[in-house]
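**Student:** For the protein sequence lines, the chains are E and U, in the order given. Per the working numbering, the first sequence starts with residue 1, numbered consecutively. Per the working numbering, the second sequence starts with residue 1001, numbered consecutively.
Rather than coming from a laboratory, the hints here were simulated on the basis of the structure. Take the hints with a grain of salt, since some may be wrong.
[Unchecked claim] When the alpha-carbon atoms are kept at most 20 angstroms apart in a straight line, the in silico DMTMM-like pairs for lysine to aspartate or glutamate are as follows:
(1) Lys208/E with Asp1097/U
(2) Lys1111/U with Asp1097/U
(3) Lys201/E with Glu1119/U
The structure presented is a predicted model; accordingly, all values stated were derived computationally and were not measured.
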Amino acid sequence: MEHLSYSTRTAIQSLVKEKWINLLSSLTVAASLLVSVMAVITIYNVEIFTRNLPEKFTMVVYLNDKISQDDVGKLMAQLKAKDYAAGAKFISSDAALAELKRTLKGISNIIEGLDENPLSSAIELKLKKERVNASSVKIISGDIRKLPGVEDVYYEARIAETVSLLKTSVENLSLIVLCMIIFVVLFVISSTVKILFYRRKAEIEIIKLLGATGGFIRLPFLIEGGAIGFLGGLFAAFGAAAFYFILTTKFSAFMPILRTMVMPAEIIILMPLVGVAIGVAGALISVGRLRL
Amino acid sequence: MIFFKNVTKYYDDQPVLKNIDLSVTKGEMVFLTGPTGAGKSTLLKLLYAAELPDEGELLVGDWHIGNLSPSEIPMLRRSMGVVFQDFKLLDNLTVYDNIALALRVRGRKEKEIKGSVLEALRNVHLRHKADNFPPTLSGGEQQRVVIARALVSEPSVLLADEPTGNLDPDTSSHIAKLFYEANIHGTTVLIATHNRDLYRNTGRRVIRLDSGMLLGQEIG
Chain E
1 MEHLSYSTRT
11 AIQSLVKEKW
21 INLLSSLTVA
31 ASLLVSVMAV
41 ITIYNVEIFT
51 RNLPEKFTMV
61 VYLNDKISQD
71 DVGKLMAQLK
81 AKDYAAGAKF
91 ISSDAALAEL
101 KRTLKGISNI
111 IEGLDENPLS
121 SAIELKLKKE
131 RVNASSVKII
141 SGDIRKLPGV
151 EDVYYEARIA
161 ETVSLLKTSV
171 ENLSLIVLCM
181 IIFVVLFVIS
191 STVKILFYRR
201 KAEIEIIKLL
211 GATGGFIRLP
221 FLIEGGAIGF
231 LGGLFAAFGA
241 AAFYFILTTK
251 FSAFMPILRT
261 MVMPAEIIIL
271 MPLVGVAIGV
281 AGALISVGRL
291 RL
Chain U
1001 MIFFKNVTKY
1011 YDDQPVLKNI
1021 DLSVTKGEMV
1031 FLTGPTGAGK
1041 STLLKLLYAA
1051 ELPDEGELLV
1061 GDWHIGNLSP
1071 SEIPMLRRSM
1081 GVVFQDFKLL
1091 DNLTVYDNIA
1101 LALRVRGRKE
1111 KEIKGSVLEA
1121 LRNVHLRHKA
1131 DNFPPTLSGG
1141 EQQRVVIARA
1151 LVSEPSVLLA
1161 DEPTGNLDPD
1171 TSSHIAKLFY
1181 EANIHGTTVL
1191 IATHNRDLYR
1201 NTGRRVIRLD
1211 SGMLLGQEIG
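Using the sequences plus the hints, can you model the full thing?
**Tutor:** Structure below.
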């Protein structure tokens, strides 16, 4: 505890004494963290956007023309019992034809001449959100095709594929960006702390001769690294808030989708803390390895 | 307490200390004397592990210098007070903080530190300079700050390298008195000095060094 109080004072003195290098380092950290906040916000918004897509996804199960009413009932019950089913609705061939006529209003004479209804009865199946992805949908459709009375299964493959692709691409890209930024921030802070360490080398030699341990010597640098990270995080939080405000108010006139963009408040609060953690880690990388 | 057995130290293959055999008992006060370059400072540096012996065996208390692990060196140094010839004061710290640092590295509480530092400053007649920075002090005043820093932790061993080099005769005799007082309270004192007045008629052991060799000893 006594060490902590002395180390904090030493760190503050050094922050003030070396204000320019520390400010420059904090701003570099802020710029990097700002990019990482944007990556996180992108992931978050893509997640919200893709969360609603599965609700629009429907699988149409076309039934055999010869299927009896009893068998339709059994099939419906079977489908509803499946762990991937969120709901099922029977559409008779007559209802399907009526719907088709409504859709083709004006040109319905095309189907007027038909002697019999060419459409099959079908079951419209809604899937649970978490099951709407390209691979899962493929397996499910294969499973349904095997059921008795099923003629064919149709689904809009693009929705499932888009959901998967969009999510994976954005997540992977953001993850790469995040890793690169963490590396950059660690490098910036560890380099800054190393410079500060070498500037105080003579002083440290004297402190060592007085009996200081490695921990006593390192602690002020860890605090300083944490402080640089904190300032960087704070600047990044302000920057992100300003950026969000500009995007949703000024730029949304040209791109209305920006109006729906969401930025969770937790990110803003977390930024300085993330900065502290990365700052301490960066300082630890630089002074932790030094033989004292 | 301090035990040299056949200790040799080289700088760039040149021996600066040759086959030193010396022992200092606990609570003793010993003077090291000899011309410049005799090896007095190197001998003291070996004791606080700023240098390590190349040959021979050196013991300080229970510490086996030469076989110390990096974590043991600070512990050895905390048992000592050192008056460095080149002062080694931190220019960016006040006189008070320079002295307090010796206690802070030992993990002492701030309240306790304050009392000890102010008393140490009074002992060297520099209480009024507590808030000054070292560059604003005269050479003699800086030397007294170093002495206060060495004594403030009440060390079991006190090493002093030319402690009166920058002091006038009156201040020198006052500082010598402080060393004797520390010795009376049980501190083992080893002083490297050119100043004959410091050891003349003291009844203490005076060891002569020249060209890295122990030439002999006498009672001052």
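**Student:** Confirm or reject each hint.
**Tutor:** Results of checking the hints against the structure:
| no. | hint | verdict |
| --- | --- | --- |
| 1 | Lys208/E with Asp1097/U | holds (16 angstroms) |
| 2 | Lys1111/U with Asp1097/U | holds (13 angstroms) |
| 3 | Lys201/E with Glu1119/U | violated (30 angstroms) |
Violated hint: 3 only; the structure is consistent with all others.
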